[in-house]
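Top line first, the protein sequences correspond to chains A and B.
Residues in the first sequence are numbered from 1 upward in steps of one, following our numbering.
Residues in the second sequence are numbered from 1 upward in steps of one, following our numbering.
The set of hints was computed from the structure by calculation and includes no laboratory data.
Keep in mind the model is a prediction, meaning the values are calculated, not measured.
Certain hints may be false.
Below, simulated DSS-like cross-link-like pairs (lysine-lysine); rule was C-alpha separation at most 25 Å, straight line [stated by the list, open to error]: (1) A:Lys159 <-> A:Lys218; (2) A:Lys218 <-> A:Lys206; (3) A:Lys218 <-> A:Lys169; (4) A:Lys156 <-> A:Lys169; (5) A:Lys130 <-> B:Lys131; (6) B:Lys170 <-> A:Lys130.
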Amino acid sequence: MSQPLIDYCIAQGDDALIFGQRMTEWCYSAPFLEEDLALANVALDLIGRAQMFYDYAAELADDGRSADDIAFLRDARSYTNLLINELPRGDFAFSMARFLIVDTFNVLYLEQLVNSADERIAAIAAKAIKESRYHLRRSSDWVIRLGDGTEESHEKMQKGLEEVWGYHKELFIATAGERELIANNIAVDRESLYSQWSDQIDAVLKEATLSRPEDGWKVVGGREGIHTEHLGHMLSEMQYLQRSYPGVEW
Amino acid sequence: METIPLVTEAQRERQLRRSSSRLPELWALLDAVSDPEIPVVSLWDLGILQDIKADEDKLTVEITPTYSGCPAMAEIAVEIEKALAATDYREVEVVSLLTPTWTTDFMSSQGREKLREYGIAPPAPKSLAEKISCPQCRSEEVELISEFGSTACKALYRCSDCLEPFDYFKCI
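Throw the hints in and build the complete structure from the sequences for me.
Structure below.
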């Protein structure tokens with residue numbers, strides 16, 4: 001059970017860290033000051049979440065690696081985040097469409113993860129769910145405001161949604177190791193969340209006067225370490241300091 | 001008869017831990033330590049400080065972080081160690097707990113007042129039947145500007161009466 005649990009914690013951490021790191025790119029370049037702050041704060045929540053999962057993975061693995069080593073000393077192929085988290089930041093509408101998809105999923109997922117048979121995982125989920133609920137309230141608001149806004153904002157919001165849509169399928173695919181954990185009530189069966197997720201997304205899109213994109217394509221591979229070209233570039237920036245000066249501390 | 005508790009169960013337990021502690025002087029020492037981002041409110045009043053345990057010559061201080069990515073936690077741990085350095089204990093360890101999950105319900109009424117005086121509207125939980133009000137003029141005619149303010153724990157509001165913008169400590 002130990003290895004699947006370690007892999008699971010690292011994957012959860014990777015999802016949060018990569019999305020968080022990507023969203024920090026908005027800091028200083030968001031449409032206005034309040035959004036700079038908001039996006040940086042959401043990113044901070046996600047990076048904090050990654051640290052909680054990595055800390056637990058490091059304790060379980062007990063191989064001398066710290067949470068920081070897990071974050072800064074692995075190459076792209078060892079990262080197991082879902083692809084939706086690593087895509088370039090895109091424009092503001094694209095980012096909000098991506099947030100809506102991920103936040104809606106996270107709230108549904110964490111609501112069940114708080115009942116995990118693993119106490120530590122349950123405690124991390126209890127902390128994270130409060131933050132994700134808040135994130136979702138905000139991303140839904142933005143999608144509705146932009147979708148049901150001006151002609152231009154509507155068009156951009158619809159375009160952002162179309163661009164990210166094919167990446168949502170991966171949220172609902174469990175790995176073999178994860179299935180073992182699901183059978184032991186440690187992880188949540190992500191596949192079973194689809195219909196609820198779908199209904200909630202539909203409700204927001206309806207209010208936003210946006211149309212739901214066709215399910216014509218999907219991209220998968222993140223959990224196996226098969227990534228888009230964008231992850232490597234991001235890691236080279238994120239890991240630069242630790243790779244250049246190994247072990248450096250503040 | 002129905003009893004309506006004024007404090008939550010978790011908060012009651014926290015207060016009990018302090019009042020029944022054999023180390024009141026250490027709790028008092030830590031009353032001088034605050035969150036660097038909200039210097040007017042002590043760790044106790046903010047609800048971050050959970051327990052102080054002594055084991056021979058080692059002290060363990062338990063704290064619960066507000067938000068998972070809160071960057072102030074490392075600095076808070078250093079401040080706690082500094083505040084307790086003058087005691088007879090040889091070692092001080094600050095442990096960050098995931099449970100009980102921190103909530104704004106842990107904030108003391110004194111902490112809420114200090115926040116208001118400092119210009120930050122305190123959290124308005126449903127249980128207190130209180131509305132968000134302007135820390136300057138107390139008006140309840142306020143509007144949300146942004147879900148996030150200067151830190152993860154705050155949102156940005158504006159008073160419709162005196163027109164001053166202000167930070168509101170979010171209720172979680």
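To see whether the hints hold, each was checked on the structure:
A C-alpha spacing of about 16 Å is found between Lys159 (chain A) and Lys218 (chain A), which places the hinted pair at or below 25 Å, so the restraint holds. Restraint check: the Cα-Cα separation between Lys218 (chain A) and Lys206 (chain A) comes to about 23 Å, which is no more than 25 Å; the hinted pair holds. Proximity of Lys218 (chain A) to Lys169 (chain A) is assessed by CA-CA distance (about 6 Å); at most 25 Å being required, the pair is judged to hold. About 22 Å separates the Cα atoms of Lys156 (chain A) and Lys169 (chain A), which keeps this hinted pair within 25 Å; it holds.
For the proposed pair Lys130 (chain A) and Lys131 (chain B), the alpha carbon gap of about 20 Å is at most 25 Å, so the pair holds. The straight-line distance between the Cα atoms of Lys170 (chain B) and Lys130 (chain A) is roughly 11 Å, inside the 25 Å bound, and the hint therefore holds.
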